[in-house]
Amino acid sequence: MENKEVVLSVRDLNVKFSLRGRVLHAIRGVSLDLYKGESFAIVGESGSGKSVLTKTFMGLLDQNGWVDSGSILYNGEDLAQYKTEKQWLKIRGREVAMVLQDPMTSLNPLKTIGAQIGEALKLHQGLKGEEAQKRICEILTDVGITEPERRAKQYPHEFSGGMRQRAVIAIAIACNPKILICDEPTTALDVTIQAQILQLIKNLVRKYQLTTVYITHDLGVVANVADRIAVMYAGDIVEVGTCEEIYYSPRHPYTWALLSSLPQLGVKGEELFSIRGTPPNLFNEINGDAFAARNPQALNIDFVERPPYFDVSETHKVRSWLMDERAPKVEPPEALKRLTPEGGSLYE
Amino acid sequence: MSDVILSVRDLHVSFGERRKKFEAVRGVSFDIYAGETFGLVGESGSGKTTIGRSIIRVYPTSAGEIIYKGQKINGKISKELDHRVTREVQMIFQDPMASLNERAKVDYIVSEGLYNTGEKLTREQRTQMVEEALMDVGLLPEFASRFPHEFSGGQRQRIGIARALIMRPDFIIADEPISALDVSIRAQVLNLMSQLQKKRGLTYLFISHDLSVMRFICDRIAVIHKGVLVELADTETLFHRPLHPYTRALLSAVPMPNPAYEKSKVPLVYDESVHDYSTDLPRWVEIEPGHFVLGNVRELTEYENICKEA
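As you go down the protein sequences, you meet chains U and B in turn. Mind the numbering: the first sequence is residues 2 to 349 in my numbering, read in order. Mind the numbering: the second sequence is residues 54 to 363 in my numbering, read in order.
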């Protein structure tokens, strides 16, 4: 990265939820910097806290959740201190916008697509009437919807899945946000449509100079789009690095496990690698490395003390005791050796 | 080659009447051999699920034949045959969150099928069968007295598989069984499915839109586009020598965990207008042993040349 201007900076963030009198520690001390114009991917299993983390950027935590400590710096303001809806309305949509997983549920079935985009334009930019209509058509063209005049008058049920997701993206970019958060943008879509939507987001990022955050559970998907990747486990970032570092020289056992369970790497007739056990219960205090219980090669210290971040390179940080100089040398799984820049398509 | 367990001949399925008629499946034919995993891949709306559902007799067919173990099972059939097919052909569904009855205990969910085939079983027999089925899919027998909401996504999908297994099926239709699951759980479910296949000699019809998963589990794959099969071959051939442009587009869309490759790749987009079928109608031809493709005379010569070169 040539220009390392930080847009959003999260420091030691802790998020908790109260559920039936018990406290769930969903985010356990996460720090990250988001650089201007980059696309950053957060990867992890369901329940790892990846969605909760990004929801705190927009003040969208559920009623029973709160930021316990830490800060989220954006434009010199600490979003973690925001309390009222009025404060959040300046950020939401205008600065940070979100594209959700399922386009079937994130659109209003009773309003035309045009009206839903117009709503965002009116609220954030005060555009009305003719002017708004013109802008709506422009945006629809930008997201690759042909015949925008006709399509704007249609309802969501008249759109196919891929087209609906395009419409959702159109709403998100309608108010010129600085940061676009895509929460599993392609999980509900077909493989062919998925490739198209990812390409579309990539193009829009260039055109609107957006900073994007992708959230996904599938490491197979983000190789195409991400500049940097963070791997989350049990409310914590366990490894962060550039796209190449994460795929070609992953260091954390959890990243290894995630990569080797991809069916793309599997050999037919053999067992596909699967992570045993289940993620830890975040209601309980976690001692040591959260992944230790599921890691067959865990060290004794993993159960006692939480590992600090070790720097592999300037951009690559790993939270694992394996990186300590006293640790025994543990080799990554065989299957990962097929992941090299020269590897090309794994099917050849 | 082993025996054909299921054979679909020129299957047509349509919905609606007269002017609103929509043909979801238009003349599909294929054979599935006993003990294999047959993949059916296509986009949403291509008719892949419709085929699965007509095989299990949920959708009526409008023309063509579905032959299971030598007997026609679509249209009107005898009660005995109906019971047999209901027992021997089972289904695993996509979303384990939606496909289990929230108000019923696992015990009932798994055993429900047993009530419907006319078999007289005592309560003890039934409990024992439920326990066996649960253990087969790697769950504990105690789970029988719990409700679905107490389980994680992967465990729920196992319950869905147990529900199919308890009928001692020969043929299982798996309709996107892992699309709604996390990557790590996907691996568990895929492994379980192949283990069960080895142990029980099951035959699978695996329906999905994701070729990366298919390559891992399927023996042969058929590609369907808008209700018509465009290519059918064994997995390795299909991946090494895809002939039809739609198959190529699908293959190019499979995401690879390799940034260097992904960032330079240009995904192919399938454009139907590349085919000129105005005068020269396409035919379904076996272009090399076991490799079928849809094309007109000009395209088929092209495909033949590709096969010869290889």
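There's no promise every hint is true.
[Claimed, not checked] The list that follows gives simulated cross-link-like pairs (lysine-lysine, PhoX-like), each with its CA atoms no further than 25 Å apart:
(1) B:LYS251 / U:LYS269
(2) U:LYS5 / U:LYS84
(3) U:LYS84 / U:LYS56
(4) U:LYS84 / U:LYS135
(5) U:LYS208 / B:LYS252
(6) U:LYS56 / U:LYS91
(7) U:LYS203 / B:LYS122
(8) U:LYS179 / U:LYS5
(9) U:LYS179 / U:LYS154
(10) U:LYS37 / U:LYS154
(11) U:LYS179 / B:LYS316
(12) U:LYS269 / B:LYS132
(13) U:LYS135 / U:LYS123
(14) B:LYS122 / B:LYS132
(15) U:LYS154 / B:LYS73
(16) B:LYS122 / U:LYS338
(17) U:LYS17 / U:LYS123
(18) U:LYS37 / B:LYS316
(19) U:LYS338 / B:LYS316
(20) U:LYS203 / B:LYS251
(21) U:LYS208 / B:LYS73
[As the list claims (entries may be wrong)] Covered stretches of chain B (chain U as the covering partner; in silico rule of three or more C-beta atoms under 8 Å from a C-beta of chain U):
(22) 62-73
(23) 262-274
(24) 301-310
[As the list claims (entries may be wrong)] Calculated Cβ distances over 10 Å to all of chain B for the following chain U residues:
(25) LYS5
(26) GLU46
(27) TRP89
(28) ILE194
(29) CYS244
(30) PRO264
(31) LYS269
Think of the hints as simulated: they come from the structure by calculation, not from any bench. Remember, predicted model here, so these are calculated numbers, not experimental data. We treat Cβ as the ideally placed atom computed from N, Cα and C, and that holds for glycine.
(message) Check the hint pairing LYS17 of chain U with LYS123 of chain U against an upper bound of 25 Å on the C-alpha distance.
(response) Not OK: LYS17 of chain U and LYS123 of chain U at ~35 Å, beyond 25 Å, violated.
(message) Please verify whether LYS84 of chain U and LYS56 of chain U have alpha carbons no more than 25 Å apart.
(response) Roughly 14 Å between the alpha carbons, so the hint for LYS84 of chain U and LYS56 of chain U holds.
(message) Does LYS154 of chain U sit within 25 Å of LYS179 of chain U, going by the straight-line distance between their CA atoms?
(response) 28 Å, violated
(message) Check whether the Cα positions of LYS208 of chain U and LYS252 of chain B lie no farther apart than 25 Å.
(response) Between LYS208 of chain U and LYS252 of chain B the Cα gap is close to 55 Å, so the pair fails against 25 Å, i.e. violated.
(message) With the threshold set at 25 Å, check whether the alpha-carbon distance from LYS338 of chain U to LYS316 of chain B stays at or below it.
(response) 20 Å, holds
(message) Taking beta carbons only, do three or more residues of the stretch 301-310 of chain B come closer than 8 Å to chain U?
(response) holds (count 9)
(message) Against the 25 Å threshold, does the CA-CA distance of LYS135 of chain U and LYS123 of chain U hold or violate the hint?
(response) 13 Å, holds
(message) With the threshold set at 25 Å, check whether the alpha-carbon distance from LYS122 of chain B to LYS338 of chain U stays at or below it.
(response) Judged against 25 Å, a Cα distance of about 45 Å means the pair is violated.
(message) Is the claim that ILE194 of chain U lies outside the interface with chain B correct, judged by CB distances over 10 Å?
(response) 7 Å, violated
(request) Starting from LYS203 of chain U, check that the Cα of LYS251 of chain B is at most 25 Å away, please. (result) This hinted pair is violated, its Cα atoms lying about 44 Å apart.
(request) Evaluate the condition: distance from the CB of LYS5 of chain U to the nearest CB of chain B exceeds 10 Å. (result) Correct as stated: the minimum Cβ-Cβ distance to chain B is 20 Å, above 10 Å.
(request) With a cut-off of 25 Å on the C-alpha distance, tell me whether LYS179 of chain U and LYS316 of chain B pass. (result) Answer holds: LYS179 of chain U to LYS316 of chain B is near 24 Å, not above 25 Å.
Checked against the numbered hints above, the structure violates hints 2, 4, 5, 7, 9, 10, 12, 16, 17, 20, 21, 22, 26, 28, 29, 30 and 31; every other hint is satisfied.
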